[in-house]
Structure formats: C-alpha cells, structure tokens
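**Q** The primary structure of each chain is shown beneath.
4 protein chains.
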Amino acid sequence: MDYFYAPGRNHLFVPGPVNIPEPVIRAMNRNNEDYRSPAIPAMTKTLLEDVKKIFKTTTGTPFMIPTTGTGAWESALTNTLSPGDRIVSFLIGQFSLLWIDQQQRLKFNVDVVESEWGQGANLDVLAEKLAADRTHTIKAICIVHNETATGVTNNLATVRKLLDHYGHPALLLVDGVSSICALDFRMDEWGVDVALTGSQKALSLPTGIGIVCASPKALEATKTAKSVRVFFDWNDYLKFYKLGTFWPYTPSIQLLYGLRAALDLIFEEGLDNIIERHSRLGKATRLAVEAWGLKNCTQKEEWFSDTVTAVLVPPYIDSSEIVKRGWKRYNLSLGLGLNKVAGKVFRIGHLGNVNELQLLGCLAGVEMILKDVGYPVKLGSGVAAASAYLQNNIPMIPSRI
Amino acid sequence: MDYFYAPGRNHLFVPGPVNIPEPVIRAMNRNNEDYRSPAIPAMTKTLLEDVKKIFKTTTGTPFMIPTTGTGAWESALTNTLSPGDRIVSFLIGQFSLLWIDQQQRLKFNVDVVESEWGQGANLDVLAEKLAADRTHTIKAICIVHNETATGVTNNLATVRKLLDHYGHPALLLVDGVSSICALDFRMDEWGVDVALTGSQKALSLPTGIGIVCASPKALEATKTAKSVRVFFDWNDYLKFYKLGTFWPYTPSIQLLYGLRAALDLIFEEGLDNIIERHSRLGKATRLAVEAWGLKNCTQKEEWFSDTVTAVLVPPYIDSSEIVKRGWKRYNLSLGLGLNKVAGKVFRIGHLGNVNELQLLGCLAGVEMILKDVGYPVKLGSGVAAASAYLQNNIPMIPSRI
Amino acid sequence: MDYFYAPGRNHLFVPGPVNIPEPVIRAMNRNNEDYRSPAIPAMTKTLLEDVKKIFKTTTGTPFMIPTTGTGAWESALTNTLSPGDRIVSFLIGQFSLLWIDQQQRLKFNVDVVESEWGQGANLDVLAEKLAADRTHTIKAICIVHNETATGVTNNLATVRKLLDHYGHPALLLVDGVSSICALDFRMDEWGVDVALTGSQKALSLPTGIGIVCASPKALEATKTAKSVRVFFDWNDYLKFYKLGTFWPYTPSIQLLYGLRAALDLIFEEGLDNIIERHSRLGKATRLAVEAWGLKNCTQKEEWFSDTVTAVLVPPYIDSSEIVKRGWKRYNLSLGLGLNKVAGKVFRIGHLGNVNELQLLGCLAGVEMILKDVGYPVKLGSGVAAASAYLQNNIPMIPSRI
Amino acid sequence: MDYFYAPGRNHLFVPGPVNIPEPVIRAMNRNNEDYRSPAIPAMTKTLLEDVKKIFKTTTGTPFMIPTTGTGAWESALTNTLSPGDRIVSFLIGQFSLLWIDQQQRLKFNVDVVESEWGQGANLDVLAEKLAADRTHTIKAICIVHNETATGVTNNLATVRKLLDHYGHPALLLVDGVSSICALDFRMDEWGVDVALTGSQKALSLPTGIGIVCASPKALEATKTAKSVRVFFDWNDYLKFYKLGTFWPYTPSIQLLYGLRAALDLIFEEGLDNIIERHSRLGKATRLAVEAWGLKNCTQKEEWFSDTVTAVLVPPYIDSSEIVKRGWKRYNLSLGLGLNKVAGKVFRIGHLGNVNELQLLGCLAGVEMILKDVGYPVKLGSGVAAASAYLQNNIPMIPSRI
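For the protein sequence lines, the chains are A, B, C and D, in the order given. Residue numbering for the first sequence follows the UniProt record's numbering, beginning at 1 and increasing consecutively. Residue numbering for the second sequence follows the UniProt record's numbering, beginning at 1 and increasing consecutively. Residue numbering for the third sequence follows the UniProt record's numbering, beginning at 1 and increasing consecutively. Residue numbering for the fourth sequence follows the UniProt record's numbering, beginning at 1 and increasing consecutively.
These aren't lab readings, by the way, just hints derived from the structure by calculation. It is possible that some hints are incorrect.
In the DSS-like style, the derived pairs of lysine-lysine whose C-alpha atoms are separated by at most 25 Å in a straight line are [as the list claims (entries may be wrong)]: (1) Lys283(D) / Lys242(D); (2) Lys344(B) / Lys295(B); (3) Lys344(D) / Lys283(D); (4) Lys239(C) / Lys295(C); (5) Lys107(A) / Lys56(A); (6) Lys344(D) / Lys107(A); (7) Lys239(D) / Lys283(D); (8) Lys239(D) / Lys344(A); (9) Lys324(A) / Lys378(D); (10) Lys324(C) / Lys300(C); (11) Lys340(D) / Lys242(A); (12) Lys344(C) / Lys378(C); (13) Lys378(C) / Lys45(D); (14) Lys378(C) / Lys217(D); (15) Lys223(B) / Lys107(C); (16) Lys242(B) / Lys107(B); (17) Lys223(B) / Lys52(B); (18) Lys344(B) / Lys324(C); (19) Lys324(D) / Lys328(A); (20) Lys344(C) / Lys226(B); (21) Lys324(B) / Lys328(C); (22) Lys344(C) / Lys371(C); (23) Lys107(C) / Lys223(C); (24) Lys324(A) / Lys239(D); (25) Lys226(C) / Lys107(B); (26) Lys340(D) / Lys283(C); (27) Lys239(B) / Lys56(C); (28) Lys242(C) / Lys344(B); (29) Lys226(C) / Lys324(B); (30) Lys242(B) / Lys378(C); (31) Lys295(C) / Lys223(C); (32) Lys223(A) / Lys239(D); (33) Lys242(B) / Lys371(C); (34) Lys226(B) / Lys242(B); (35) Lys340(B) / Lys242(C); (36) Lys239(C) / Lys239(B); (37) Lys340(C) / Lys239(B).
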C-alpha cells in the first residue's frame with residue numbers, strides 16, 4: 001500500500017524536510033484554484049507582509065519563489081552580482097561547499113575561506129580580507145548561517161561588525177535555510193542584504209518555496225547586476241507586485257495556503273518562544289550526546305547549533321549503518337554524514353514543528369541503535385540527561401494554562 | 001486556529017480513541033458518495049469477509065453498525081436475549097460496570113460476579129454457578145475480555161473450558177473493545193457467540209463503527225430473543241446482505257474506506273505480528289512502571305494487559321494531576337483513573353497503530369510529570385528498563401530488510 | 001486504484017449523503033484525540049449552542065448521537081413514549097413507511113394515516129382524529145417534514161394549528177432529516193417537541209451524527225416514558241452535560257470538528273440564504289422537469305420539495321435504468337425510485353452544499369440520459385428553462401461583491 | 001473561514017492550474033519524509049520510467065524539476081544552447097511571447113516569426129528560413145505546441161517534416177505545457193529534442209514540478225552548451241541518477257506521491273482515451289460557442305485546441321467583465337484575455353481531470369453570464385449544441401460497464 005510500510009509514526013529527525021503540523025497539512029488539502037482571482041492576491045499580500053516578520057525585517061522585500069534552497073541561492077546571487085565579481089565565501093561543510101560550487105559555476109570570482117569541518121567561518125580571515133580591500137573589490141560576503149552538515153552556527157553579528165568596522169560596502173548574503181524561524185536571526189539589525197530560507201525547513205512545510213528577502217541596498221544592486229536571470233529575476237516579481245497580482249507565473253495554491261497556516265501557527269506560538277524551544281531541543285540533544293560519551297562534530301560551544309546536531313562516532317563504527325538501522329528497525333529517520341564526514345557522523349535534526357517528547361523518543365531510539373551497532377552505550381543515559389534539563393526548562397503550554 | 005494549540009505532535013496514549021495511521025487518514029479524506037451505487041456494496045463485501053479475520057472466525061457473521069462500543073453492547077444483548085433472561089456478568093472495573101448497568105436497564109436478570117478492581121473475572125464463582133445450574137437457567141455469560149479501566153485481561157479460554165466442562169449451553173458474549181486486533185483473540189476456537197469491538201480502538205480508526213460478530217448459535221438465538229430492537233436489529237442487516245446492497249441505512253462512506261485501508265495495513269503487518277508488537281509495548285511499559293518504583297493496578301501477572309497499563313500512584317499524589325500536567329506541559333494525553341480508582345491510577349494506553357519509539361517518548365514524558373508532581377522518580381530509569389527489553393526484542397521491519 | 005474510477009468529479013445528486021464542502025473535508029482530516037481533554041468539551045459546548053440555531057429553537061435541548069437517522073428516530077420515540085402508547089403517523093412514502101415500521105416494532109399503537117405516494121400527509125384525517133380524541137389517548141403525532149422518497153414537504157405549521165385548535169396535548173415528533181438546514185423549519189414557533197436530522201443531509205457532513213432536539217415538554221415526557229433505552233437514552237447525555245464533559249461514550253473527533261466547520265460555513269452563508277438557495281434549486285429543477293414534458297411525482301404545488309425532486313417517467317421506461325446509466329456513462333449519481341415507485345421515478349437530490357452550476361450540469365446529464373433510454377427529450381430544454389429562472393434570481397455572492 | 005467563501009464547488013475552468021482528482025489530493029495529504037531513505041528513490045525510479053510514457057518516448061531522459069513552466073523553459077534552453085545561438089521562435093500569443101522574452105534575456109539570437117494572434121505558427125516562413133540556412137546557423141526551433149492564450153494548436157508533425165526535408169540539424173524544443181497528456185503528442189515519432197510540461201496542467205497536480213524530457217541529441221548538446229546554469233543543470237540530475245539517489249536537492253515529497261497517483265489514474269484511464277476525452281470537450285465547447293453566435297479566437301479549424309477555447313466577444317462587451325461576473329455570481333473561474341486580446345476574449349480551459357457534465361455546467365454558467373453582460377444569447381443554446389454532440393459520443397465508463 002505504502003512504500004516500505006511500518007506500524008506507528010515515522011520519527012522524522014533529518015534536518016529537513018521536517019515534520020509538518022497537522023493544521024498545515026489540513027490547510028494544503030485542497031483543489032487548485034485560479035491564481036488570478038481576487039482570493040490569491042489578497043492572501044499573497046498578507047503573506048508578503050507576514051513573512052518579513054520571520055526575517056525580522058521591516059525594510060526588506062520578500063520573494064516567495066517556486067523553487068528549493070538551491071534556487072533561492074541562485075536568486076540571491078544572480079540578482080545582485082555580475083559575472084566576475086569578487087565574493088568572499090566560507091567553506092565549512094557540505095552546504096557551504098555546494099553554494100560555493102554554485103557561485104563558481106555562475107562565474108563569480110570566489111575567495112574561498114575554508115575551515116575544518118566542525119568549525120565555524122573563519123572571521124579572522126574575513127577581517128584580514130576586508131582590511132586589505134581598500135578599493136572595495138569584494139562585492140559580497142556569502143555566509144551560511146547554520147551549516148546543516150556539521151551543526152555549526154556562524155556569528156552573523158560579528159560579520160556585520162567587521163563590515164562596519166572597515167566601512168566596507170560589500171553586500172552580505174546569508175543562507176538561513178536551517179536557521180531562519182528557528183534560530184535568532186535579525187535581518188535589519190545585522191544589516192543582512194539578502195537572506196533566504198526554504199519552506200521545508202523551520203517553516204515546517206513541504207519543499208517548494210524558496211523565500212528570499214532583499215534589503216533596499218540589494219534591490220538597488222539589481223540595477224547593475226549583469227548576471228543572466230529570468231526565472232529567478234526579482235524584477236519580474238516587482239512588476240507584478242505593482243500590478244497587485246503578485247505572481248509572474250503560477251504559484252502552488254496549496255503551498256500558499258500552507259504558508260498562511262504555518263505563519264498563523266508561528267505567530268500563535270511566538271517567534272521568540274520558537275527560538276527558545278529550539279534552544280531547549282539543541283541543549284537537550286547535546287546533553288544526551290555527552291551522556292553517551294560521544295563527541296559533537298561541532299568543535300566549540302560558540303558554534304553549537306540548535307537546529308541540528310552532528311554526532312561523531314568512534315572509528316570502528318560506520319555512521320551510515322546507524323542511519324540505516326534507524327530506518328530499518330525503529331522507523332527513525334536520522335541524517336547521514338555527508339562528504340568529508342560521511343561514515344563519521346550521523347545527524348539529529350531538531351528543527352521545525354517538533355516537541356520535547358518527540359525528541360526524547362528519538363534519543364531513546366538512537367541509544368538502542370548505538371547498542372545495536374556495538375557501541376557500549378548505557379541505555380537510558382542520554383534520555384536521563386536530556387530530560388533532567390528539559391524537566392526544569394519546559395514552560396507550560398500557554399494556550400492550556 | 002486550533003483549540004489549545006501546542007507545537008509538535010500530540011502524544012496520544014489514552015486507551016482510545018487511538019492514533020490513526022496516515023494511510024487511513026488519507027483514505028478517509030474524501031467526499032460522500034452514493035451508497036447505493038455498485039461501488040459501496042462491492043467494497044462492503046470485501047470488508048465483511050476480511051473483518052472476520054480479526055475475530056479469527058470463519059463461521060461468524062459480522063455486522064458493522066454505525067455506533068460506538070456502547071451501541072455494540074446493546075446490539076449483542078438485544079439480538080440474542082429476552083427481558084428477564086438470567087445472565088452472568090463480571091464486574092471488575094468501570095467498563096464492565098457500565099455494561100452491567102446496560103444489561104440491567106435492558107431488563108435482564110443479571111447475576112453480578114464482582115472482583116476487586118485490579119483483579120480479573122472470578123472464574124471460580126463462574127464454575128460454581130455453572131455447576132449449580134442444572135436446568136440451564138443461565139442464558140448468557142457476559143465478559144469483558146480486557147477491562148480498559150484497570151488494565152486487566154481475562155482468560156477466555158478458561159471460560160470456554162468451564163462451559164464445556166459443565167456442558168452448559170449459555171451463550172458467551174464478549175466485549176473485545178480493547179482487545180480484538182491487539183491481543184490474542186480466537187472467536188471460533190474459544191466458542192465465543194458474540195464478540196464486538198469499536199473502530200476507534202485497536203483498529204485505529206475514528207469512532208463510528210461498532211463491529212459485532214455473531215456465531216451461528218447466536219444467529220439462531222435471534223429467532224427467539226424478545227428484546228425490543230430496531231436500529232440494532234441484525235435481521236435488518238441480514239435482509240440487506242441477501243439483497244447484496246448490505247446497508248439497511250446510510251453508512252459512513254469515509255469510515256468504510258478507512259476500514260478498508262486499516263484492514264489492508266493490518267494484513268500487511270500481520271495479525272500475529274500486531275499481537276507481538278502489543279506484547280512488546282505492554283511488557284516495556286510494565287518494566288518502566290517497575291523501574292519507577294510504582295505498582296501496576298493489575299494485581300497478578302496472569303491478568304496483565306498488553307493494551308493498557310493502569311499505574312497506581314502513592315496516596316499523596318492525585319493521579320488526575322498527572323493527566324492534567326501531561327496535557328498542559330508535555331502535549332501528552334494519558335488516561336484518567338475512573339470511578340473507584342479515580343485519583344489513584346493513571347493509564348497508559350498502548351494499543352493500535354503505535355510503535356516503540358512513540359512509547360519511549362511517552363514514558364520519558366511520564367517520568368518528567370512524576371517529578372513535576374513530587375514523586376521521587378529517577379529520570380531515565382523507566383526508559384532505560386523499557387529500552388533494555390525492547391532493544392533485544394524489536395524485530396527488523398519486514399518491508400525494509 | 002479506486003473502485004470504479006472515472007475521470008473528473010462524481011456528480012452527486014442523490015438526496016443523501018450529499019456533497020461535503022472542501023473546508024469541512026479539511027477540518028475532518030485529522031488524527032484522533034483524547035475526548036476527555038479540555039479541548040473536546042470546549043468545542044462541544046459551542047456546538048450544542050450553535051446547533052440549536054439550525055432548528056430555530058432557543059428552548060430546545062440538542063443531542064448529537066453517534067448514529068444515523070434511523071437511530072435518531074428511535075431516540076425520539078423511546079425517550080418520550082411508552083410501549084402501547086397511541087401515536088398518529090402519516091404514511092406518504094418509503095421513509096415514513098420505515099419510521100412507522102420502527103414505531104410498530106417498538107410496540108407503539110400506531111394509527112397510520114395513509115396517503116397516495118406523491119401526496120402530503122392527510123391533515124383532514126388528523127383534524128378528525130384530534131377532534132374525536134376528547135380523552136387525549138393520542139400521545140404523539142409523528143410526521144416526516146420532507147418525504148425523501150417522493151419529494152413531498154408537509155405543512156408543519158398547519159399541524160401545530162390543528163393541535164392548538166383542539167387543545168390537544170399530544171407531542172409533535174418531526175423527522176427533519178431532509179429538511180432541517182435546507183427548508184424553512186421553526187421548532188419553537190411550530191411547537192415541535194422532538195425534531196431530528198442526520199449529519200449527511202443538509203448539514204453536508206459524512207454520516208455519523210443523528211442530531212435530535214427536544215423541547216422542554218419532550219424532556220418532561222422522558223420521566224414517564226417507559227420504553228427501554230440505553231444507548232439512545234437522553235438522560236445519559238444530560239448527566240454528562242451537567243458534568244461539563246458532555247459525552248457518555250466516545251464521539252467521533254473528526255465529525256465534531258467537521259460539524260464545527262459546517263456550522264461556521266452555514267452561519268457565514270446565513271441560514272435564510274441557504275433556504276433561499278434551496279428554493280432556487282428546487283424551482284429550477286421543477287422547471288426543467290416541466291420542460292422535458294415529464295411529471296413531478298409530487299401531486300400538488302403546496303407539497304413541492306426544495307430538497308429533492310422525484311420525477312415520474314413514462315411507463316415504457318424503467319427509471320432504474322436512468323440511474324444506472326447516469327452512473328455508468330456520465331459519472332452522475334441520481335436517486336432510485338423506492339418501493340411503490342420503484343421503476344417509476346428517479347430522484348434528483350438538490351440539498352446541502354451544492355450550487356446552481358452544479359445543478360445545471362446534473363440537469364444536462366439527465367437530458368442526455370433521457371435520450372439514451374429512448375425518451376424524446378429536446379436536449380437543452382430543461383437547462384434552458386432552469387437557467388432562465390436562475391439567471392434572474394441568483395444573487396451575487398456576498399463575500400465577493 | 002475561507003477567502004471569499006461561496007456555497008458549493010468552485011467551477012474551475014481556467015486553463016491551469018486545473019482540477020486535481022480526489023485520489024491525487026489524498027495521495028498528497030501527508031507529512032514530509034526523508035528523501036534520502038530507500039523509499040523516495042524507489043518511487044522516483046518508477047516515476048522516471050512512467051513519465052516517459054506521457055511524452056511517448058522511449059529514448060528520452062526526463063527531469064522532474066521543482067519549478068514552474070517558466071523554469072522548465074529556462075532548463076530546456078540553457079542546457080542545450082549557448083548565448084548568441086540563433087534560434088527560430090514563433091510568436092502567436094502571450095505564452096510564446098513570454099518564452100521569446102526569456103530567450104532574448106538569456107542572450108540568444110532570436111529569429112521571431114510572428115503571426116496574428118489567433119493563427120498558428122507560420123510554417124511557410126520556417127520552410128523559407130530552413131531552406132535558406134545552408135550553413136545551419138539555426139541551432140534550435142522553439143515552438144509552443146498549444147498556445148494557451150489563444151487556443152491555438154500548432155502542427156508539430158509538419159515542423160519535423162520540414163526539418164527532415166531540408167536535412168536541417170536544428171534542435172526542436174517544444175513547450176507542451178498545455179498539450180502534453182491532453183493532446184496527441186509524440187516525442188519520438190516527431191523527433192522532438194526537448195519537450196516540457198508543468199504539473200498543474202493536464203497532469204492535474206498542484207504547481208511545482210516542471211517536467212522536461214530530453215532526446216539523446218539534446219543530451220549531447222549539453223556538452224557544448226555554454227549557457228550558465230546551476231539550478232536548472234541537467235548534469236546535476238544525471239549525476240544523482242547514476243548514484244541511484246536521483247535528487248540533487250530536496251524534492252517535494254507530496255508532489256512525488258501526487259505524481260505517482262496521477263500517473264496511475266492516467267494509465268488506468270488510458271492516454272489515448274484521455275486524448276479522446278479532450279477532443280470531445282474541445283468539440284463540445286466549440287459547438288456551444290457557435291450556438292451562442294460568438295467567434296472562436298482561433299481562426300482556422302486546423303489550429304483548434306482541445307484544451308482551451310478562447311472566445312471572442314462583441315466590441316461592446318469587455319471580456320474581463322465576463323470573467324469577473326463568473327467569479328462573483330456563479331463561482332465559475334474562467335480565463336482572462338491576455339495582452340493583445342485583453343478585454344476581447346475570455347477563455348474556457350477544458351483540460352486535465354474534468355468530465356463532460358462539469359463542462360456542461362460551465363457552459364450553462366457562461367450562457368447566464370453572457371446574458372448578464374448584455375449579450376443576446378439564447379439560454380440553453382450552447383448546452384443543447386454541446387450535449388447533442390456529447391450524447392452521441394461519450395463512451396461508457398470502462399470500469400463500470
């Protein structure tokens with residue numbers, strides 16, 4: 001009936017796509033409708049206003065593009081830059097690597113600042129480059145806020161400080177795919193010029209909308225950006241924004257209603273409460289990892305991610321066996337180690353619409369898997385450490401007090 | 001948007017209604033249709049054939065009545081008995097109590113055999129009564145297979161043995177509401193005359209179908225049964241079975257498709273595998289209770305239920321506070337103590353479409369609640385005990401090997 | 001994949017179960033939840049208040065019973081009457097026939113007032129009986145507001161006038177299954193003592209809730225009513241109403257949310273607007289029938305039903321062939337002729353969540369079927385007649401002006 | 001509750017997005033899942049095989065890109081061509097205009113062959129150009145199979161014949177957005193090098209997948225094509241095809257299951273039967289237009305489209321008023337006239353999962369609207385003409401015979 005049916009719920013702990021709340025699934029459960037009727041523009045208008053809130057911007061202009069994160073990247077780059085432009089980009093894991101690959105294929109002149117996987121962006125090198133760049137040859141800084149492959153969160157406030165310190169006009173382009181709507185992110189305060197995320201991450205929707213938000217400076221940059229673009233061209237959107245019909249081509253009706261429902265839930269819970277929930281989930285996961293006697297792939301606390309934890313396994317264990325076993329025996333979906341850390345880490349995604357008891361079920365599952373594959377874990381140890389913390393910190397559910 | 005929204009999934013561990021599998025929710029996501037078209041009879045025919053398998057009967061006749069378990073009870077009684085008929089009925093908890101109340105209000109002469117709540121049906125008394133009843137004044141034995149209020153499973157095989165031993169012709173009417181499709185149940189082998197369940201229990205559907213299965217002897221009894229009945233009258237069904245249109249009144253189209261999907265999943269997993277899964281879940285729960293230093297409401301191992309565990313709390317704790325706190329802080333739904341055990345027990349339902357990691361998340365939640373309400377539990381202890389057992393006993397998921 | 005798949009939408013024009021609005025399907029697309037948590041009682045409270053509005057009562061007490069219309073009938077009768085009680089009941093078609101059958105099987109002394117099928121209840125005979133009944137041996141008048149088999153609507157206001165005229169205290173029990181929420185129905189104004197409907201009719205939900213509304217006088221009658229009842233006993237509900245938990249047994253979570261959504265839509269459209277819409281649909285259908293040169297089974301205009309039209313076919317045509325052909329060739333579901341009018345009429349149900357263009361599609365389909373079976377219809381004639389009327393009478397959609 | 005609620009179903013007759021079959025809505029009603037588990041690749045494999053059938057190709061390679069038709073265009077062009085390449089492109093309406101605009105912005109040297117809107121591609125000019133192009137400077141012919149703005153279907157077989165006649169090696173790129181899976185389309189037989197469609201058209205899904213199919217010759221062309229591309233690069237897909245994981249970035253889980261269900265329904269109905277159904281719907285619509293005394297925007301029968309009909313209105317009527325009125329009064333969604341034909345035509349989309357009675361309901365609605373806006377239509381005339389044809393030509397539903 002289904003592919004590879006198993007009883008009970010699938011425990012989805014990959015760092016995306018993530019669990020969709022039931023009310024959002026319901027909202028998307030519908031037929032198509034005419035996107036040129038008054039209904040879709042009326043709804044779209046509220047979406048464009050409300051989506052800005054999750055970026056913490058009042059001055060940005062959002063674009064909800066029918067694409068994935070990869071497309072959102074391309075949109076951010078091609079609308080603001082010209083082939084040959086020098087950009088500084090940080091390589092710290094698989095997703096920053098892929099973005100850099102895209103940057104190079106789009107013919108930018110990429111100044112790659114590499115860190116060991118498990119470390120954050122090397123901002124000292126950035127400082128050096130900015131200091132040296134008196135003639136402002138650097139047109140943009142590209143940085144992944146949260147590297148999903150290694151569970152590393154970069155410090156964007158510092159990036160902004162450095163740019164300000166050196167009075168450098170480079171655009172600041174941020175991949176917020178696994179951070180926005182889950183981690184503290186402040187587009188206006190941090191002077192981010194282009195920020196982007198994907199619907200299937202912390203927004204907890206299906207894949208299908210790349211949300212890109214552009215600062216006034218980024219919009220200004222489109223006027224001189226010579227990169228070839230059509231599908232991803234913001235100007236086509238802006239033209240339809242002015243007309244009040246909003247869409248240069250057909251959007252997904254279902255995803256628009258889903259996004260409306262998702263934003264309603266987000267505002268009901270409260271963005272700051274969501275960030276705190278992710279902080280709890282991240283902290284609890286890291287306490288469990290410690291209790292198991294395992295290491296976090298992330299090398300320093302300052303980089304710890306509250307949306308995904310990459311766990312290093314001992315050399316005698318293949319981490320991909322852990323992921324396979326989770327799926328085959330426990331109906332638990334964990335993230336694989338990618339590229340340089342393939343076989344060495346497995347990842348627990350704890351982002352989006354997920355709560356503490358779901359996480360504890362996952363951690364209990366990981367413990368059993370670890371035992372299955374021969375790691376001498378003490379069953380219950382991680383759950384005990386995590387729940388000791390959680391029992392002290394979970395708030396009452398506001399709607400139920 | 002929703003009533004009392006909370007992030008993440010609700011952890012539903014009441015002993016009914018239980019979690020519905022996603023494929024079943026999908027199957028029910030549909031418009032109405034004409035129940036007199038060829039489609040509904042064609043599907044109904046397969047349902048009537050297949051539903052017999054979960055009763056383990058080949059000779060029984062099933063009725064899928066648009067009602068609840070209470071209605072199914074009434075159907076079982078009124079179709080086979082006449083007012084004034086003597087029946088032996090066992091009072092061992094809230095649901096057997098309610099059934100007895102119904103039996104009395106339907107004007108039967110009920111011989112109540114009471115046990116302390118937490119004990120099973122007193123079959124010694126049954127033996128005495130059967131031995132004494134040389135003239136066969138007892139027309140029926142009514143027994144709840146699994147008392148949901150106390151987590152007690154009665155031994156039906158022994159009931160049958162006693163009836164056979166004394167050559168007693170009384171009908172055997174069994175409430176299998178929280179057992180059928182989860183516990184070992186054998187209608188034909190145990191000579192059950194009427195067995196019944198509700199769709200919202202182990203079948204993992206919404207409430208709305210009371211499924212009643214009648215032996216040939218029970219069908220024969222309808223001919224002399226003088227209890228007044230119309231809505232619940234099997235004969236109206238039998239008339240339409242003969243016509244091949246099957247329905248004396250409008251069924252729920254959605255529930256029929258849902259039942260079709262539910263049965264498909266049940267057969268895909270395998271009824272015996274389902275019973276084993278419930279055995280694992282029950283055992284794991286009881287190990288956790290023990291690790292917490294708490295007592296099972298069920299007084300002897302022979303009565304332990306694999307679908308629901310009623311946990312006794314110390315006198316200084318009000319068990320209803322545990323249930324409230326689960327809902328208010330952890331989005332965890334537990335069962336209240338009912339009637340005589342109100343305030344004294346809380347219940348963990350572990351039946352239907354639920355898997356081991358879901359249960360471990362629930363157990364982790366119960367531990368935190370216990371700590372919240374002042375019980376000196378060692379966090380992680382129950383999960384550790386349960387997962388030590390589970391890690392040794394969970395099979396690989398057959399479709400994924 | 002599906003049973004008897006056909007491309008495009010099924011055109012559902014049986015008089016029940018009827019088309020469910022998409023927002024209601026969405027609202028029901030959900031997992032089970034604990035019906036003893038605060039959420040379900042909170043919602044139930046609003047439902048009990050709001051459901052009274054569709055009965056146009058402020059003094060009535062509603063019961064939302066997990067059953068069908070047949071069960072709702074039984075509930076109305078057994079809660080207010082005792083075996084042997086004399087009741088006057090009108091036989092005018094298949095559904096009044098079935099209700100009378102139930103009344104007789106429930107051991108009431110039924111005074112059947114029969115009319116030719118196609119005529120309304122013979123109220124002259126009622127007047128005679130009331131006039132003659134000086135000692136008030138008649139305990140109840142049972143009348144079907146709208147006979148679904150023949151498309152006949154009875155005049156309830158006249159029934160009330162007669163009872164008042166003769167100062168007769170008999171209870172007035174009304175089957176509003178195919179009228180309430182579609183036709184003009186006024187429980188309080190007409191002094192109806194028990195009114196009832198089913199969720200799958202004008203409420204446009206799946207089958208599964210029988211809604212019964214009792215006047216204070218009907219509630220008073222329960223105290224002396226000796227009919228045996230348990231599942232259908234209103235007192236069990238009243239007990240739980242007082243406790244604030246509302247449910248004596250498990251309701252369907254999905255149907256409760258569905259009813260909430262259905263009522264929201266009903267109030268958004270406005271009950272009076274709904275009644276007018278049905279008036280338009282009924283009138284348009286009758287104009288089409290006339291244009292086709294066919295006769296309405298309903299013999300006089302005063303009885304014309306706005307929820308279902310039974311169309312007489314010429315003797316050389318078997319009306320069941322029309323229904324079969326609709327399903328086999330046009331994906332159109334029409335109602336069969338039942339019992340006395342089997343083969344002689346087919347029925348067009350035009351009740352619930354359906355609009356004018358849907359009806360015109362149906363009428364166009366009926367025309368083609370009529371031609372298929374050899375009736376010399378002028379294609380387009382019925383649609384022309386219906387749309388001439390509709391084009392003059394359809395209002396603008398209020399939300400879209 | 002909903003935006004601009006209206007009772008009954010919305011009658012969706014825009015030429016996209018179109019009506020989604022209920023089984024497909026059901027299939028998409030699901031949570032996310034890990035796209036790196038074995039399930040998604042296993043399903044993807046079947047999709048890639050099966051999707052070729054709707055293109056009628058055995059040698060093509062399909063790409064299911066998370067994008068819209070506009071993105072699919074871009075993918076077709078950038079993977080096969082280099083900036084500056086000369087292409088011949090036919091401007092016959094709004095969608096060919098937009099594609100040409102894209103071609104120009106992507107820096108191709110576009111040889112635009114313009115026709116009056118309402119006419120097909122001028123293939124005489126193509127012949128001349130091919131004849132003249134001895135040195136094969138033309139690298140590609142870009143042609144829209146079915147121009148959705150004017151309801152014009154181009155003759156692709158002739159295009160192929162011309163290319164063959166002149167032995168010209170230009171690539172043949174075809175926009176099949178509103179034709180594939182509804183009109184006769186033969187990728188292999190007609191030597192199409194790239195064909196593309198969007199999920200929200202005849203496939204009857206939500207928007208979100210651009211399906212592009214490349215011939216071996218097109219794949220070969222990617223090796224020398226210098227257009228910058230990343231998100232739309234087929235090579236990224238091919239790399240993952242080889243790995244057996246299929247996806248270079250996250251697909252929409254829901255759309256994949258939806259596509260699986262849609263293809264299952266398509267094969268159940270049969271692609272040729274689907275094409276015939278569209279032929280019936282197109283013919284019936286044109287007969288209605290004729291009966292109303294209105295003109296088809298399409299000037300000759302050879303170009304008549306079976307998926308969309310653009311209807312010319314008299315000069316004293318603004319066609320956009322017709323569309324507005326449909327939505328405001330009849331819950332009917334029609335297509336606007338675009339660009340050059342704005343105000344002059346309205347469009348009836350009759351593609352995807354729609355049947356004859358739905359169309360007749362739409363046509364009845366259009367008649368009433370025409371009367372509303374002052375056009376002297378004879379009500380019922382179009383429906384009569386259409387149903388006279390349909391009643392002779394609709395086959396029995398195969399599954400129901």
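**Q** I'd like to know which numbered hints this structure contradicts. Please list them from smallest to largest.
**A** Numbers 1, 4, 5, 6, 7, 9, 10, 13, 14, 16, 18, 19, 20, 21, 26, 27, 29, 30, 31, 32, 33, 36, in rising order.
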